[in-house]
Amino acid sequence: MTTAPAAPAIKAKQRPGDRVFSTATVVSGSLILVTLAAVAIFLVAQALPAFTAEPTAFKGDAENFWQYVGPLVFGTIWAAALALLMAVPVAIGIALFISHYAPRRLAQALGYVIDLLAAVPSVVFGLWGITVLAPAVQPFYTSLTEWFGWFPLFAGPVSGTGRTILTVAIVLAVMILPIITALSREVFLQTPVLHEEAALALGATRWEMIKLAVLPFGRPGIISASMLGLGRALGETMVVAMVLSPAAVISFAVLQSQNPTTIAANIALNFPEAHDIGVNILIATGLILFVITLAVNMLARYIVERRKEFSGAN
Amino acid sequence: MSKRIEVNDLNVYYGSFRAVEGITLEIEPRTVTAFIGPSGCGKSTFLRTLNRMHEVIPGARVEGEVLIDGNNLYGPGVDPVLVRRQVGMVFQRPNPFPTMSIKENVLAGVRLNNRKMSKSDADELVEKSLQGANLWNEVKDRLDRPGSGLSGGQQQRLCIARAIAVSPEVILMDEPCSALDPISTLAIEDLIEELKQEYTIVIVTHNMQQASRVSDKTAFFNIAGTGKPGKLIEYADTTTIFSNPTVKATEDYVSGRFG
Chain R
1 MTTAPAAPAI KAKQRPGDRV FSTATVVSGS LILVTLAAVA IFLVAQALPA FTAEPTAFKG
61 DAENFWQYVG PLVFGTIWAA ALALLMAVPV AIGIALFISH YAPRRLAQAL GYVIDLLAAV
121 PSVVFGLWGI TVLAPAVQPF YTSLTEWFGW FPLFAGPVSG TGRTILTVAI VLAVMILPII
181 TALSREVFLQ TPVLHEEAAL ALGATRWEMI KLAVLPFGRP GIISASMLGL GRALGETMVV
241 AMVLSPAAVI SFAVLQSQNP TTIAANIALN FPEAHDIGVN ILIATGLILF VITLAVNMLA
301 RYIVERRKEF SGAN
Chain X
1 MSKRIEVNDL NVYYGSFRAV EGITLEIEPR TVTAFIGPSG CGKSTFLRTL NRMHEVIPGA
61 RVEGEVLIDG NNLYGPGVDP VLVRRQVGMV FQRPNPFPTM SIKENVLAGV RLNNRKMSKS
121 DADELVEKSL QGANLWNEVK DRLDRPGSGL SGGQQQRLCI ARAIAVSPEV ILMDEPCSAL
181 DPISTLAIED LIEELKQEYT IVIVTHNMQQ ASRVSDKTAF FNIAGTGKPG KLIEYADTTT
241 IFSNPTVKAT EDYVSGRFG
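Protein sequences, first through last, are from chains R and X. Note that the first sequence covers residues 1 to 314 in full-length UniProt numbering. Note that the second sequence covers residues 1 to 259 in full-length UniProt numbering.
Worth flagging that the hints you see were computed from the coordinates, not collected in a lab. Where a beta carbon is used, it is the ideal one built from N, C-alpha and C, also for glycine. Heads up, a few of these hints could be off.
Pairwise CB distance ranges (calculated) [unchecked claim]:
#, chain 1, residue 1, chain 2, residue 2, range
1, R, Leu194, X, Asp144, 19 to 25 Å
2, X, Gln92, R, Phe140, 25 to 31 Å
3, X, Lys128, R, Ile303, 32 to 38 Å
4, R, Ala136, X, Gln92, 16 to 22 Å
5, R, Leu36, X, Ser118, 37 to 43 Å
The list that follows gives simulated cross-link-like pairs (lysine-lysine, BS3-like), each with its CA atoms no further than 30 Å apart [claimed, not checked]:
#, chain 1, residue 1, chain 2, residue 2
6, X, Lys228, R, Lys211
7, R, Lys211, X, Lys140
8, R, Lys211, X, Lys116
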């Protein structure tokens, strides 16, 4: 019974280039985790006192933290959802036009214009919202409440300035349009020619080909793009802070002068005057925003994962 | 179901480059016609002009006429979408829609034409098409699984089922076995034999044994050199092309002396 001595494990030769590169990737990967952890720890540590704060510490009528943050959470999600609802169909339309309909030159020019939109600072969008968009849409809002006032969303009385949550949502939609368009366009351009030809050879029109081949292929990409846009809309501060005059209400009506504001705008507006426990309360609302964004991203991942089997990746 | 194809003096251009020159030939209904020839000689290009799929490539255009039972595909006012519903196509690489189940894949083309189809009609058509493509027994238990989960040969037969589900008159096959192993190839060749009973079939192949096994008539294409247009050199019964061709180039090609 003799056993052969265990052969020494063969080691791959370590080349300096490989070592430098792998170290670099590990460092970058860890860096993002460390940053995220630092932010999370800061938020949680600073937020803790807010949860047990005295009722007098809160602005307005709120008696505890949850009553205070409730309308803000609602406003944040409501404004972002409205923006997404408007931006996604338009973005998909533009992306499809660029990838499948427009002549090449026009498509390129349009691509640049869209990217340019992304380069406009949000302060400028805010100014545009106050000075141009709000007065321009106010008459339209008035007729909406007159004709469709029975529909809860458009219930009166209408805001006289046009500075409502719908205006904010429109500005936000314009702001998140470029990123959703750019990402969707990239995905649509990647559609395998094989699948497009399969659809066309079955006698599909251009639109049917897009429905059969391009959109199903691009679906995970559209969802990811929308979530990136939603993330931006959730966290957007300047536009909301500039356009809205905030009130602590939960209301689905989008045309009235009483509008819920968002977490980020609320922090920006109140932070300069906050002190002691007030600062903790604001940071706690920031923590809530952090959690909302995380939840949104996880939901998106889940939706993309769910039909992985049918994605063609296998 | 099957129709006669007549091609008169057909030229195909990519922009200003003439890819295929002066093709005239006739294809009888319920036959299998094979196109053979070296790479780049315009076989696939010519095949695509038979259902106007070449128009997908920017700058491609055609001069001349293709008549299917006397109707010119390139006549004024002819809709390429309707042409492609009559003339189905199977591609070199199997291309089932990855986001669809096996069943949805088969029904994809029919759903374009006829949206409102009762469930029993749909099930019946799925079974008939899959049986027509010799695939039913292998997939009948997993019709709701993704089509991309099948083997390459099964996927190609799924694509054939998808093509015959819309009851075309002609089926074009562009090297349908070039990505498949020999056993799957045999399955497809057997299938072509059966499909011949109902459809007119045109197949492009690089495999000369395959051409001699499955086809009734064979067309040999060649080019004089790079940058020159491809031409139809000889078109005759398959047995004639492989045993007693009239043109020297054909003989050289089928006997393996070049290409």
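Hint by hint, here is what the structure shows:
1. R:Leu194 <-> X:Asp144: 19 to 25 Å: holds (23 Å)
2. X:Gln92 <-> R:Phe140: 25 to 31 Å: Given about 55 Å between the Cβ atoms, the range is violated.
3. X:Lys128 <-> R:Ile303: 32 to 38 Å: holds (36 Å)
4. R:Ala136 <-> X:Gln92: 16 to 22 Å: The hint (16 to 22 Å, Cβ to Cβ) is violated, given that Ala136 of chain R and Gln92 of chain X are roughly 55 Å apart.
5. R:Leu36 <-> X:Ser118: 37 to 43 Å: violated (54 Å)
6. X:Lys228 <-> R:Lys211: violated (39 Å)
7. R:Lys211 <-> X:Lys140: OK: Lys211 of chain R and Lys140 of chain X at ~27 Å, within 30 Å.
8. R:Lys211 <-> X:Lys116: holds (17 Å)
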